[in-house]
Structures are given as C-alpha cells and as structure tokens.
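**Q** One-letter residues, chain by chain:
2 protein chains.
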Amino acid sequence: MSVLVVGTLALDDIETPSEKAEHVLGGSSTYIALAARLLTAPVGIVAVVGGDFPDKYRQLLQSSDLDLTGLETLENQDTFAWGGRYRTNMNIRDTTFTHLNALAEFNPLVPDTYVDSNVICLGNLPPKTQSDTLDQVSDKVFSACDTMNYWIENMREELDGVLSRIDCLLINDEEARQITGEDNLYAAGRQVLALGPKILIIKKGEHGAILFIEEQVFIVPSFPLKEVRDPTGAGDVFLGAFAGSLSNESVIGLDALKRAVVYGSTVASFCVENLGPYELAELTNADIRERSKLFRGVTEWPALHEHL
Amino acid sequence: MSVLVVGTLALDDIETPSEKAEHVLGGSSTYIALAARLLTAPVGIVAVVGGDFPDKYRQLLQSSDLDLTGLETLENQDTFAWGGRYRTNMNIRDTTFTHLNALAEFNPLVPDTYVDSNVICLGNLPPKTQSDTLDQVSDKVFSACDTMNYWIENMREELDGVLSRIDCLLINDEEARQITGEDNLYAAGRQVLALGPKILIIKKGEHGAILFIEEQVFIVPSFPLKEVRDPTGAGDVFLGAFAGSLSNESVIGLDALKRAVVYGSTVASFCVENLGPYELAELTNADIRERSKLFRGVTEWPALHEHL
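Listed in order, the protein sequences are those of chains G and X.
Each residue of the first sequence is one higher than the last, beginning at 1 in this note's numbering.
Each residue of the second sequence is one higher than the last, beginning at 1 in this note's numbering.
Certain hints may be false.
Just so you know, same-sequence chains aren't split out, so a pair can sit in one copy or run between any two.
[What the hints assert, rightly or not] Heads up, simulated SDA-like pairs for lysine to any residue below, C-alpha to C-alpha not over 25 Å straight-line: (1) LYS56 <-> LEU308; (2) LYS204 <-> PRO42; (3) LYS204 <-> ASP135; (4) LYS204 <-> THR88; (5) LYS56 <-> ASN89; (6) LYS204 <-> ALA303; (7) LYS140 <-> SER64; (8) LYS204 <-> THR95; (9) LYS20 <-> ASN184; (10) LYS226 <-> ASP135; (11) LYS204 <-> LEU74; (12) LYS226 <-> GLU282.
Since the hints were made in silico from the structure, they are not lab data.
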C-alpha cells in the first residue's frame, strides 16, 4: 500500500451561508483518501460504517480506486453522523450535532496487506486509537497525524504519547497555540517539535501553511480563490495530498517535504470550491498539474536588485 | 528626488505587553523614508513638526541621508502626538490619545526640487490633503498611497477621488474589506481595482501581502519571526521599501512590482523586531540583502513530481 488512511467515514449535514445539504459523504478518511489517490496508488482505508451507509457512497469510494479491505461494517449500527454550520465569513464553524454511532466501537484493524505501507495517515481520532493503530504497522512506515482541540484539552497525556512516536503532525494555527500556550506560530512550532514529531505542518486556512523541520521552515500561501463554498474537509485533503506526494519519494528530505506541502495546499484549494467531496472525486492528475503550475506562478520571486 | 514622502512626523507613546516608551520618534513619513532610503537615494520628506520637535530626531533623519527641505517647523505649536497600546497578541491596538497639534495646519508644499521625483509616497493623511499634494507633482510621478478606516468611513467621496488618480493603493486586509464590503480578499481586491488604482497591495500583517495588477496576483508571506516586539510603523515601512525598490526600475511591470513587494515585506520584518524606528535607521544594504536571501529560501519551491 502506498498510503494507508485511518479515520472516520461519516454522513455530514452541512450548512453554509448560501447552501445546505444533508447526508453528505464525509469523515476524515473520505477526504484524506480521495486526495491521496490523486498523487499515488494504491490507497487503502481503515474505517467503520453502520448498516445505513449508502451503497452509492461505497461505490464512489471504490470507483475512485480506493482499497476498502479495511472497511468494517457494523450492520446493526448507524454511521457516524456530524452536522456543521458555517457563519458568514466561513472561518467560524458551529457543530450542530455529533452522533458517534458505529464510531463509538471503532478499533482499527490494519489488514495484513496494509502493514508495509509507505505512509500512514492518522486522521483526527482519540489519541489512544491512533496509538493502537501505530502498534499494528512497521516502524518504517512514515506516520502523518492529525488531532483536534478536544483531545488537546482532555487527553493531553495520551496525545503526548502519540506525539513522541510520529514522524509528522499536521494541525491548524489555533491547535498549535493551544498545545504550546504560545501565540507566535514560529515559537509555537519549535515547541511542538520539542514534544517529539520530527516534522510539523501548521495549517492557517486562507493564509497558507508552514512546514517546520529541525531549524528549517517553508511557507506556502493558499491558492488564491475568489470564492470559498465549503471548507469542510480542507485540512484532511491537505493531509491526504501531503501523504500521497511523500509516498512517491525515495528520500523524505526537505525538498520532498516542500513538494508535499505544495500539493497539500493545491489539492485543498479544490476541496473548498464545492460542498462535499464529490468534485474532489472527479479530479484528475491533469487538474492538479495545471493548478500547481498556476500556483507556482503566483508565488515565484523574480531576480532581486543587483545593487543591493 | 528618487522618492518623495508626504506624511506625518510624530512623537509616539507606545505600550506593548513587555515594553513602554514615551516621545518615540514616529509618524508615517519617518517610517516610510527610513525604509525607502535603504533601497534608493535621494529620499525627501514633506511634513510638519512643532517647536518641541527634538533636535536629536532631526539629526537622526538628517544623518540617515534624508532630504528635509520639505520639513516645515511651526515654532508656536507642538508636534503631532499619538499614543498606542498593543494587547497580548499584538494584533489588536488601542489608540490611547491623538493630539493633532501642528498637523491640524498641515498643507503640504512640495519643494521645486521634488516635483520630478520617481515615486511619491502618500502616507495616511486626509484624502483632501493627498489630492492637494498630487496636484503639485508631475503626472509622470508614480504614486503609492496609504489610507485608514477613518477616511474610508467618513470621507469616502474624497477618498474615491484619490483612488481614481493614483497608481497604487496599499492598505491592510480590514481596510480592503471595509472599502468593498466583501469578505474574500481576492474578490475585494478586484473591486478595489475597479475604483481606479492600477495596482493594489493588501497587507495581511503576519500573514504576508498580496499584489493585484490587472488579472494577476502575487503572494508573499511575512518573513518568519519568533518574536514581534512592536508592529508600529510596519505598514509604512512596507510602503517605503516598496517605493524605494520601484524608484530603481526603468519599467514598472509585473517583475518590478513583485520585487518591490518582496522588499516591502523584507524591510517590514526588521521594523517589528524593535520598538520605534531607531534600529531601522541603523540598517544597511547588507542587512537587506542577507535577509531577502534567507526569505527567498523559505518561500522557494522545489521541482514538482514529473509523473503528474
């Protein structure tokens, strides 16, 4: 397996200032895997759904060339369901409901065929679940991990255990500040690295992302968009494309990580252009190539003044 | 004159969470000119001070090779005075006092020797004052202009008059949203260009800056700093270095503008490292060269995947 994705599959109710949709295919593993498969193959999912999980969604994942050997179905349960409502500027999201359902009994079981993956993506899950999953794969697998404010606040010890053993943590700016108590993101970044991860990505939404490794940083803006329709899943898509890009690399050094951050940001820009993951599933290599070229054009520096 | 700076000279009282200082040399023209002179020469100031303006500050400006022919002194008045207090995260500033003093009678008079400058920087002043100043220089002078929330709210008609005749507007993200009523900065940017300026720079503080010209954009992040001690003047410094860089160009095309934005961001990063403009006045070409090289290193993309 190139990329092994462990996370949630969900049915989302999403409300933005201009749109509203129910039972949208969602969950971290959906977005992570649909992004990763744009950069690499094969991509496998370890997740759980209930008996109500629509066939059309299973087919969408399958026809996107995702390996579903690790997908468990609990027939007597419902699928994890989540509702979110975005306020006018799209930067503030209220969770309207969270029904764990089948997810409450999720104990990820990594299929034998996935154990030697190049990269494992640990979507936002309880730190204990993330640790149990890491126990099942080879130490050689590159681990890229997400988390959220709830675990930072309530399961800090377990989370620190995860941080001490992963290769890369991907979090947003508020989570970086929450973990460290430090407002300046560059100071916060150094403190997070001191907790264990070899690599840190801080995602800043419309303001881009920062890569930290040892004493180096790399800054990538977000691709310029005149309209953002639905930010749901953008962070997961970043993680998936990042992992997919890394799985192609023979050596994971600074340039490989920079490339992965560029692809993370590029693919995330497609995600926010539409509600749900459906357009993401339609994307091709050519779309990624074209946008990353445009993206380079808006960030590339000219030569500077020679007299300076 | 390479760069003509029209703005305020002030005595600032500044309070940050860790520092406090009174009667600091301040004002938009101080920061703009001290930044511009790092990129070009000569740089001249048109401004007004009162009889209390300290000789040591006049000497600091003179020893920084600034031309003070256009500096008017009203002996019976006090110098414009401003007080600001930054809250913990440095992003929110409360104005503690504003005493216009000599500034209340400021009618900029551009000396004959400045009339054919390469670039004119119009610091944050009443739109009417900006217009009156533009009337005094050749149409060939490239005009770069600042403004603020107060004029946007209270003197919109006069401000629109200024926008219709300048080459470049430099404002922050909140001002761009206020002018257009549009939350998305890329949509707001297009709307601002429709008001007249050929070029727009939106400054986003720690998140960098965006250049807009015709259908093109260029995005530069802010230089990574682990500590920001005093943001006062950073926007003015951006404007000054931007103008200084442009004044060296034979053609002001896209590459010239990108370069100017890079220098604006680079020199602004020095400004926020210390309270007041004193360290800015000590900087040399070599400091700018070294930092812009480091800065390029944290933004430059590697080659992307060939198989995509």
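**Q** Find the hints from earlier in the document that the structure breaks and name them by number, from lowest to highest.
**A** 1, 2, 3, 5, 7, 10, 11
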